[in-house]
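From first to last, the protein sequence lines stand for chains A and B. Numbering follows the numbering used here, with no gaps: position 254 of the first sequence is 254. Numbering follows the numbering used here, with no gaps: position 311 of the second sequence is 311.
Don't take each hint at face value.
Claimed, not checked - Straight line, CA to CA, 20 angstroms or less: simulated EDC-like cross-link-like pairs of lysine to aspartate or glutamate:
hint, chain 1, residue 1, chain 2, residue 2
1, B, Lys231, A, Asp92
2, A, Lys127, A, Asp163
3, A, Lys570, B, Asp253
Claimed, not checked - Derived list of chain A stretches under chain B, where covered just means 3 residues or more per stretch with a C-beta under 8 angstroms from a C-beta of chain B:
hint, stretch
4, 258 to 267
5, 446 to 453
As the list claims (entries may be wrong) - Here are some chain A residues the structure puts well away from chain B; computed CB gaps all over 10 angstroms:
hint, residue
6, Glu32
7, Lys113
8, Asp163
9, Pro204
10, Arg351
11, Ile470
12, Ala497
13, Arg507
14, Gly665
15, Glu813
Note that these hints are calculated values from the structure, not bench results. Predicted model, so just to flag it, every value in this text is computed and none were measured. Think of the CB as a built atom: it goes at the ideal place given N, C-alpha and C, for glycine as much as any other residue.
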Amino acid sequence: MKISRNWLQDYVDLTGLSDEEISAAITFLGFEVEGIESTGAPPLDKVVVGEVLSRAPHPNADRLSICDVAVGEASGGTKRIVCGAQNYQVGDRVPVALVGAVLSGDFTIKPSKIRGEASEGMMCSGKELQIGEDHSGLLILTARPEIGTPINDALPAGDVVFDIEITPNRPDCQSHLGVARELAAWFRRELTYPAMEVPAPAAPRPDLLKGLQVAHSEDCPLYTASVIAGVKVGPSPEWMQQRLAAVGVRPINNLVDIGNYVMLEYGQPMHAFDARKLAGPEIIVRRATAGETLVTLDEKTRTLTGEMLVIADAEKAVVVAGIMGGENSGVDESTVNLVLEVAVFQRFSVRATSRALGLSSDSSYRFERGIDAHALAEATHRAIGLILKYAGGTWCGPTLRVGSEEPWQREVTVNPAWVRARLGFEVTDEEQRSALEALDLLIVRENEIDEGIEWTVRIPSWRSDLDRPIDLVEEILRVHGTAKIPATTVTAPGLLADDDPVAQYNRNVAGYLVGQNFQECVTYTLRSRPEIEAWAGAEAAGPLSLENPFLEDQSHLRSSLVGGLLDALKLNQTRGNPVTRLFETGRVFIPQKEGVVECAAVGFVIAEAGMVTWKSRELADFYTTKRLIEVMADRAGVDLSRQPHLEDGGQAAAGWQAGQHTLQGDMRYGWSARYGMLDLAVLKSRDITGKVLAGVFAILPERLNAGGKRKRFQPFSLQPAALRDVALVVDEATAAGEVTKQVTKLARAAAKGFELESVDLFDVYRGKGLADGQKSLAYSLSFRAPDRTLNDKEVNEAFSILLEQIATKTDFEVRS
Amino acid sequence: MQDQLSALVERAAAEIPHICSRPEFEAAKAGFVGPKGELTGLMKQMGHVPKEEKPAVGKLINETKQQLLKILEAGLARIEAAELAAALGPAIDPTLPSPDPLPGARHPLTQVREELNAILRKVGFTVVEGPEVETEYYCFDALNTPPTHPARDPQDTFYFPADAKFSNVARKVAGEKYLLRTHTSSVQIRTMLKGEPPIRIVSPGRVYRRDTVDATHSANFHQLEGLYVDKNVTVKDLKALLDYVLKSLLGSDTQVRFRPHYFGYTEPSFEVDLSAKHLPKVNQEWVEIMGCGMVDPAVFEDVGYDASVWTGYAFGMGIERIAMMIYGIDDIRYFYQNDLRFLRQFA
Chain A
1 MKISRNWLQD
11 YVDLTGLSDE
21 EISAAITFLG
31 FEVEGIESTG
41 APPLDKVVVG
51 EVLSRAPHPN
61 ADRLSICDVA
71 VGEASGGTKR
81 IVCGAQNYQV
91 GDRVPVALVG
101 AVLSGDFTIK
111 PSKIRGEASE
121 GMMCSGKELQ
131 IGEDHSGLLI
141 LTARPEIGTP
151 INDALPAGDV
161 VFDIEITPNR
171 PDCQSHLGVA
181 RELAAWFRRE
191 LTYPAMEVPA
201 PAAPRPDLLK
211 GLQVAHSEDC
221 PLYTASVIAG
231 VKVGPSPEWM
241 QQRLAAVGVR
251 PINNLVDIGN
261 YVMLEYGQPM
271 HAFDARKLAG
281 PEIIVRRATA
291 GETLVTLDEK
301 TRTLTGEMLV
311 IADAEKAVVV
321 AGIMGGENSG
331 VDESTVNLVL
341 EVAVFQRFSV
351 RATSRALGLS
361 SDSSYRFERG
371 IDAHALAEAT
381 HRAIGLILKY
391 AGGTWCGPTL
401 RVGSEEPWQR
411 EVTVNPAWVR
421 ARLGFEVTDE
431 EQRSALEALD
441 LLIVRENEID
451 EGIEWTVRIP
461 SWRSDLDRPI
471 DLVEEILRVH
481 GTAKIPATTV
491 TAPGLLADDD
501 PVAQYNRNVA
511 GYLVGQNFQE
521 CVTYTLRSRP
531 EIEAWAGAEA
541 AGPLSLENPF
551 LEDQSHLRSS
561 LVGGLLDALK
571 LNQTRGNPVT
581 RLFETGRVFI
591 PQKEGVVECA
601 AVGFVIAEAG
611 MVTWKSRELA
621 DFYTTKRLIE
631 VMADRAGVDL
641 SRQPHLEDGG
651 QAAAGWQAGQ
661 HTLQGDMRYG
671 WSARYGMLDL
681 AVLKSRDITG
691 KVLAGVFAIL
701 PERLNAGGKR
711 KRFQPFSLQP
721 AALRDVALVV
731 DEATAAGEVT
741 KQVTKLARAA
751 AKGFELESVD
761 LFDVYRGKGL
771 ADGQKSLAYS
781 LSFRAPDRTL
791 NDKEVNEAFS
801 ILLEQIATKT
811 DFEVRS
Chain B
1 MQDQLSALVE
11 RAAAEIPHIC
21 SRPEFEAAKA
31 GFVGPKGELT
41 GLMKQMGHVP
51 KEEKPAVGKL
61 INETKQQLLK
71 ILEAGLARIE
81 AAELAAALGP
91 AIDPTLPSPD
101 PLPGARHPLT
111 QVREELNAIL
121 RKVGFTVVEG
131 PEVETEYYCF
141 DALNTPPTHP
151 ARDPQDTFYF
161 PADAKFSNVA
171 RKVAGEKYLL
181 RTHTSSVQIR
191 TMLKGEPPIR
201 IVSPGRVYRR
211 DTVDATHSAN
221 FHQLEGLYVD
231 KNVTVKDLKA
241 LLDYVLKSLL
251 GSDTQVRFRP
261 HYFGYTEPSF
271 EVDLSAKHLP
281 KVNQEWVEIM
291 GCGMVDPAVF
301 EDVGYDASVW
311 TGYAFGMGIE
321 RIAMMIYGID
331 DIRYFYQNDL
341 RFLRQFA
C-alpha cells in the first residue's frame, strides 16, 4: 500500500524526521517498506524566480529569442539569456537556472554562446526541474513569487511515498490514519484525527431514498446510505488530487475522489450512486440470480452466480457488493443527487466473489481483510463533510441504516513479569506501559497479585487481532524495539535423539554412490501424464494425478526417479557435457491396491555410450547395476540375495528393455528394486543417445530402521581350506542361481565331518565343445574343518559323492 | 674329451645369449646340463678314461659344468629381466589424464542442507522427516490456518481429487483433501503429536507452491524448519540461536536483525534480515533470509500440550535461497537443470 508522507503529516507531526528514519520506523513496526519514491522538485541550488523584462528575436536563429531576465540583486540583478521556448511573454515569472546550477543531476549551467549570442543561464521547463513531464515550454509561475526567491521555496513542496506491505493481521493499517497511529506510537508523538465539519441534516428526501432492504445480513452485517441533494460535480481540490495521484489513484471528479480519499484515510470503502439512475427510492442487498449480468465500471460484462452478493434497485443489480460498481448507476458529470453507500461486507463472501469473477479492487482488498465497523460512522461523516465542502449540496435526513456493528468491548489481562519471562530480557514495567499506551492500549485496571501486578488492558475496536496476553507481548516488543533484543549464547541441554532413519539412509547411500563416481541431481517431483504412462503404465496415471496442476507437463506425482534423471542426462548430452553417472534420492509415489504409497527412494542412471577416452575401460553392464542395487538394499536392511527375481527376461516392465532388467521385492512387502537396461525405444523417443542402465530402490519410510541389530562376532577356522573345482553343463534357460543352490545343497550333504565353506561361480562358458542351447558353469568349492587340516582322502571321497549325486539327482552334466 | 668339453662351453656361450623365452631356455638348459644332456653324456664316458687321467678329467668336467651353469645363469637373468619388462608395459607418462570417470559429488542443495543440519546438530537438533503428501489438517488446520485463509486457496496450493487415496500418509476426514505440503511445518505437528516435550528438531524437505516458475520461483523447492519446545523458552533464546546458525554458516561478520512480522502459527513473529560484508549483494544492505517466531499457544493447545507450561520457538528458511546467497547463484532453475558444468562447481 502506498502511503504519502504529506498526508501522514495531517495526523502525526513528523517534522524533523528524515525519510530514512520514517522508513526504518515502519520497518521495525513490522511493515516491510518495498519502495520509497519522491515527488516534487529535488533540492535545486542556484535556481531562482526570474521575470522576463524584454524579449528580442535572435539575429541568427528564427526560433530563438534573446531575453533580459531580472533574477534579484543577490544573484546579480539582470541576466541576458538566449531561450528557445515560445510559451511566455514579457512580464512572466519563470524559473531561472543561474551559472553553476546543476540540473537533472549532472547538467551544469555555464556561460555560453548560442549561435553567436552570449547566454548567462537558462529559463526552465517543469521537466528540466524534475517536477513533471511537461517539456513543451517554460514553467510559468502564475503565483508570481518574489523575484530572486530560491525556486524550492516557490514550488509546492514535494512528497515522499512509502510503498509498504501490510501483513494480513493488520487491516487497520490499510489507511493513512492507521499507519499514522503506528508512527505516533513509535515516535511517541500525538495522533490528530481529521476535524469533522458536518451540519445537522436537513429534511429527508423519501423521493430519492426511502428504504433499505438487506436480504442476507450474514454477508452484509451493516449497510448505510446517506442522501446528499444538489451537488455540483467538478474537479476535486488541487491538494486532494495531488495526494491521490501520489499514492497512485487517478483523480476523476470531486465525488469519486472524496470516496477514494476517505477510503485511503480511514480504510472504509464507500460507493456513490447517482440517485436519478436508481429505479425507485429503495436499495436492496440481495444475492444475484444465477446468470444475471452487470457491466462494471471497468467496462466489462460480469456474469454472476447465485452465491454472489449484489446491491440492487427495484429492477437491476447496480454494484457487485464490496467489489465494484456498475456503469448503470455511478455518478457522472451530470449527477445532482447522490446516494452514498457505506457498508460492511463479510470478508469471505467478498473474497469468494472476487476470486470467482477474477475481479479485485481497493475496496474488495479491504473488505477481504476485514474493516473496523466501529469507524464506519466517523468515516461517513468525514465523507459527507468533504462533499458538502467541495461539491456543495444538502445532506438530507439522517443516514439510513440496516444492521449493526457487533458491540465492542474487549479487555486482556497481562502480567508484566510474565511478559519479561516470555521475552527473556529486561523491559521494565514503565517501558511496557509506555509501549502499550502509545498504541492506545490503555491500562484500565492494575491489580496486585502474588507474582507482582496484573494489568487489564482495553483493546480498541480497530485492533480485533489482539485477544490474548501473548498478543500484547508482541505489541510491547514491537514498540519497545526488536533491535533491543540482547545478544547471548545458545544454551542447549542434550536431547539424546537420532536423525530420522530416512535422513540417515539418504545420507548413507548418497555417500556410497558419490564414491562410485555418481553425481547427485535434484529433479522435479511433478511429471507429465505421458511420462507416468510410459514408466508406470496407463492405469497408474489416475491415482497420481493432481486436481489442479499449474502446468500441463507437471500434472502427476513421480512414481520413479528415472524420468527426472533422464531429463538431466538429456540436457547434458544436448549441451555436450560428458555425462555418465547420475543419481537422486527423494520421495516417489507408487500406486497400490489400497492407495498410493509414498516411499523413500534412490535411483541412478549410467550412460557410457559415446564416452571417448585415450585408454578404454570396461563398460558397465547389468551386473554393475546389480552390485549397486545390492548395496543400496543392504543399507536399508534388505538382503537381495535371498529375494526371487519376479520378472524373467522375456517380460518387460514399461520403460525397461525386455530380457535386460529385473525386479525384486514388492511394495506390498514394503520395498522394491528394479534395475537393468532401459527400453531403447523409449530412450530414442526422448532423444537420448545410446544404452542407459538404471536402478531404483524404493522403500516405505516406516520400514527403514536406523542402526539395526548389533553385530555378533562369529569364530572362523584357522585351518587351511581344501579346494575342488567342478564344471556343469546345463540348459541355457536354467538360471545360474538354481544350479548354485542345488550344488550347494548336495555339496553340504556330501561333506561329512567337515564343512562346505563356500561355492563360488567363477566361469560361464558357451561355444566350442558344447551343444547349442547349453552353457557350462564352473564352480570352486571350498571345504574346511574347524579343528584340523583336511586330508586328500576325505575330501576326494566327499567330492566323488557330490559328483555322483549331481549325476543322479539333477539334470546337470558334469563336464570333464 | 678335453676338446669336446671346451666345444660344449663354446656352443653354450654362443647359443644361450640368443634365447629369448623361458621354454626355449629350459630346453637348451636340459640339452647342456640336464640328466639327458650332453655334459651328462660326457660324464658317463668317465668310465673309459684311464685311471691315472681320471682326476684331471674329473676336474675338467667340473670346471666345464661351472662354466656352463654361469652361462645359463646369465641367460636366465636376461630372460627374467625381459619378462619383467614385458609385464610392466611401456613407461608411464605422468602427464596423461586418467581415463577413469570424474569423481561424483553431492548436489549443492544437499550440501547446504547437510551443513545446516550439522550446525544445528551441535546444539541438539536432530533431523525429522515426514510425507510430502499431506492432509489439510497437518498442513493447515493444526497450524492455526483457518479454512478461509488465502494460503489454502487452490490457486496457491496443489490438491488431489477428493477420491484420491494415499495409504501410508494419514487418514483424512470427510470433506478433507490430500495436498502437497506447502511447508515442512507439518512434520513439526506430527512430531509434537507423537511425543512429549522437550523437543528440538529440524525438518528439512521438499515443499510445493502453485507458482509461476521464474528466476526465484520453482514449483517445488526445499525448506528447512526448526522447532524447539521446552519450559521457559524466550525471544532472546530464539535470537541467540539464529545468530549462532547464521554466523556459523556465513561467517562471524554476519549481522542478524529481527523485524516484527505476522505468521499464523507464531506469536510474536519475526522476519530475519542479515548482512555480511564478504557476501555479494548482502554486503550493502539488509537481506531478508528467513521467518521465525515463538510458537503460538493455539498450536500447542491443538496438539494437546499445556500452553501454560510449554513454550517454544520455530523458524524456517528456504534452502535454495540460502544456497543462492552463499554461492552467488542468480537463478533458481540452475538447481533443477542439473547441468554438470553447474553441479561440478560445488564438488
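Hints, one by one, checked against the model:
1. B:Lys231 to A:Asp92: Given that 20 angstroms is the threshold and the Cα spacing comes to 77 angstroms, the pair is violated.
2. A:Lys127 to A:Asp163: Given pair A:Lys127, A:Asp163 is violated - Cα atoms ~24 angstroms apart, limit 20 angstroms.
3. A:Lys570 to B:Asp253: Measuring from Cα to Cα gives roughly 42 angstroms; hence the hint is violated.
4. 258 to 267: violated (count 0)
5. 446 to 453: violated (count 0)
6. Glu32: At about 7 angstroms from chain B, A:Glu32 fails to clear the 10 angstroms cut-off, so the statement is violated.
7. Lys113: holds, 44 angstroms
8. Asp163: holds, 16 angstroms
9. Pro204: Consistent with the label, A:Pro204 stays out of reach of chain B, its closest Cβ about 39 angstroms off (over 10 angstroms).
10. Arg351: violated, 7 angstroms
11. Ile470: Incorrect as stated: the minimum Cβ-Cβ distance to chain B is 5 angstroms, not above 10 angstroms.
12. Ala497: violated, 4 angstroms
13. Arg507: violated, 7 angstroms
14. Gly665: holds, 16 angstroms
15. Glu813: Non-interface label stands for A:Glu813: nearest chain B Cβ at 35 angstroms, farther than 10 angstroms.
In terms of the numbered hints stated before, the structure departs from hints 1, 2, 3, 4, 5, 6, 10, 11, 12 and 13, listed from lowest to highest.
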